[in-house]
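> So the sequences go chain by chain: U and A. Just so we're aligned, residue 1 is where the first sequence starts under the UniProt record's numbering, counting upward by one. Just so we're aligned, residue 1 is where the second sequence starts under the UniProt record's numbering, counting upward by one.
Read the hints as simulated data drawn from the structure, not as lab findings. Be careful, since some hints might not be right.
[Unchecked claim] Only pairs whose alpha carbons sit at most 20 Å apart, straight line, appear in this in silico EDC-like list of lysine to aspartate or glutamate:
hint: 1; chain 1: A; residue 1: K188; chain 2: U; residue 2: D288
hint: 2; chain 1: A; residue 1: K271; chain 2: A; residue 2: D261
hint: 3; chain 1: U; residue 1: K229; chain 2: U; residue 2: E114
hint: 4; chain 1: A; residue 1: K211; chain 2: U; residue 2: D311
hint: 5; chain 1: A; residue 1: K211; chain 2: U; residue 2: D285
There are 2 protein chains.
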Amino acid sequence: MSQQSGFNVAVVGATGAVGQQMIQTLVKENFPYKKLLLLSSSRSAGQKIVVNGEEYTVQEAKPESFEGIDIALFSAGGSVSKELAPEAVKRGAIVVDNTSAFRMDADKPLVVPEVNETDLHQHTGIIANPNCSTIQMVVALEPIRQKFGLKKVIVSTYQAVSGAGAKAVQELMDQTKSILANEPVEPKILPVGSDKNHYQIAFNAIPQIDKFQENGFTFEEMKMINETKKIMHLPELAVSATCVRLPVAVGHSESVYFEIDQENVSADEIKALLKDAPGVILQDDPEDQVYPMPANCVGSNDVFVGRIRKDLDEDQGFHMWVVSDNLLKGAAWNSVQIAQSLVKLGLVKEK
Amino acid sequence: MSQQSGFNVAVVGATGAVGQQMIQTLVKENFPYKKLLLLSSSRSAGQKIVVNGEEYTVQEAKPESFEGIDIALFSAGGSVSKELAPEAVKRGAIVVDNTSAFRMDADKPLVVPEVNETDLHQHTGIIANPNCSTIQMVVALEPIRQKFGLKKVIVSTYQAVSGAGAKAVQELMDQTKSILANEPVEPKILPVGSDKNHYQIAFNAIPQIDKFQENGFTFEEMKMINETKKIMHLPELAVSATCVRLPVAVGHSESVYFEIDQENVSADEIKALLKDAPGVILQDDPEDQVYPMPANCVGSNDVFVGRIRKDLDEDQGFHMWVVSDNLLKGAAWNSVQIAQSLVKLGLVKEK
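Bound conformation, chain U alone (with noise of 0.2 Å):
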């Protein structure tokens, strides 16, 4: 890579799960960086990261280290993005953000390019990326909106620890091996690190992702029914979701009824429309066994889509199966690729 073109990229929370994966999302897309600049906290900052066989010393994330920097990568937490994001703006650098900072500023686009991207002609210097379980969710069904409409979605997931971040994947191997050695667990991190009780989740389903909300919906629950309605431009647009932890380490998985707004549409219609739909793969072969699941989506930017089935009663009312790398499309990847966006659309200069 020539180090005379290309921007100067930051990625702030470089140690973190997402970090490391978006790191590796830049190198593996090729995106077109001649700087980058890995931050962290005070905590991680001195940890050396080799990217592409060179080494780089993570440094403590302050306000001046946006200086000369044209895209910063945010995922460091909500805190951290409050406080720094801003001080990247104003030093010139375009943020993607991906924490729920931001997420429903109005004046903030909530982008899933394959959904919005126009959206980001709106930036004002941030841009939110979404929570992982409603970008793979909006990739499955804006096809369908366009062509069918849509007015209903009920989803239910099935969410991998790693949206919990790396030390509860440890965590859930932790207790895995404790509890195959007949030994107790003494969980600490899951569902919510900053939440009163802590509950094992190894062999176990937690109903509760992210902390309660007064109208008894958890925030997760809330992102995904508020952001799908932001991205999808679809402010009337009725949505629940009922948002679980699973003994899984990578890969959300989703049970997805919606209703379009057309009458006598086939499965096998929306079946061809996902077949060439932009960042989905197709898998839906009952007869043979073909449908997506996490352990084969790990690695993988695309969001796979199967079990597509009429409902039985509900004439506009289908239901699907949707899995995707909650660490890649879910985070990562679709960070990297808001940022390819801003660049084929000329809304990033290079300093």
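Using the hints provided, position chain A relative to the given structure of chain U.
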């Protein structure tokens, strides 16, 4: 227990995961048996089983085995039931059958005592025990139907591997050990022992339980749909299901969306109903992170319900999370409970 009074009880499939639970449940619930006959295939015959301190030798199930038997609990697969249940009835036994062999026969009651105990009066010798995932759902839905009516149900399940038998549990544990040791796995049983392909269940989620039907739904999904309508006497109820196998040993969970007939009902009214419902334990306190989980339900006969909340768009729509021990209320306990009901209703006579 007196040898003089009580019933002669046979357990067919005594060495299987459910059969073992049936025997334990007969003892734990003080079912009034005077003779206990443990039957199995010729392959498992000869095994010794200690019940309540007494050693029993498992015998091969044959038509003649049922001479003098009052109640026969079957859980040895559909083909065994089809062959031997009529033979047992011919010899004067009442059969409680925990397979799918007779569930949809119009002349055979399909019974969950909390819901339709009085259907037992119509029996003609064979009573069917419903599918595990159906039972726990209808126990939670019935009190709601009674008070508010029921129009529609959309369920996504999170099912434990023990529903596929003791060998499937062993497969989960063996695969888990292999993956933790970075060794390859060789799936042989799940998702369906007799189907063509087998997939990894450890740290994965498989959206297939039982074989696929022509309409794209699996047989497990169709069982939930058809059995729910039959048990609840609601042939017009709109029901749909997506059934998913998880790396959980025991305990099925269900994300249930349902619509009632009445308007302006609150989630608190639904909670109040379920708090006093037979067979139900309400675990619903989001503020203190109280909700049901499979790891906490193992060994209990009850159905645990939580996360009850009103849909944000549909006034008559609600969501809930239903968990139960699939080997107990889902199988062994419901079968023994049916036997108890037969005794209580005077429908079985001691020989």
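> Evaluate each hint against the coordinates.
Going through the hints against the structure:
Restraint check: the Cα-Cα separation between K188 of chain A and D288 of chain U comes to about 16 Å, which is no more than 20 Å; the hinted pair holds. At most 20 Å may separate the alpha-carbon atoms for a hinted pair to count; K271 of chain A and D261 of chain A meet this at roughly 17 Å. The hinted pair formed by K229 of chain U and E114 of chain U meets the criterion: a straight-line CA distance of about 15 Å does not exceed 20 Å. Of the supplied pair hints, the one linking K211 of chain A and D311 of chain U holds, its CA atoms being roughly 18 Å apart against a limit of 20 Å.
For the hint linking K211 of chain A to D285 of chain U, the alpha-carbon distance of about 13 Å falls within 20 Å, and the restraint holds.
Violated hints are absent here; each numbered hint is respected by the structure.
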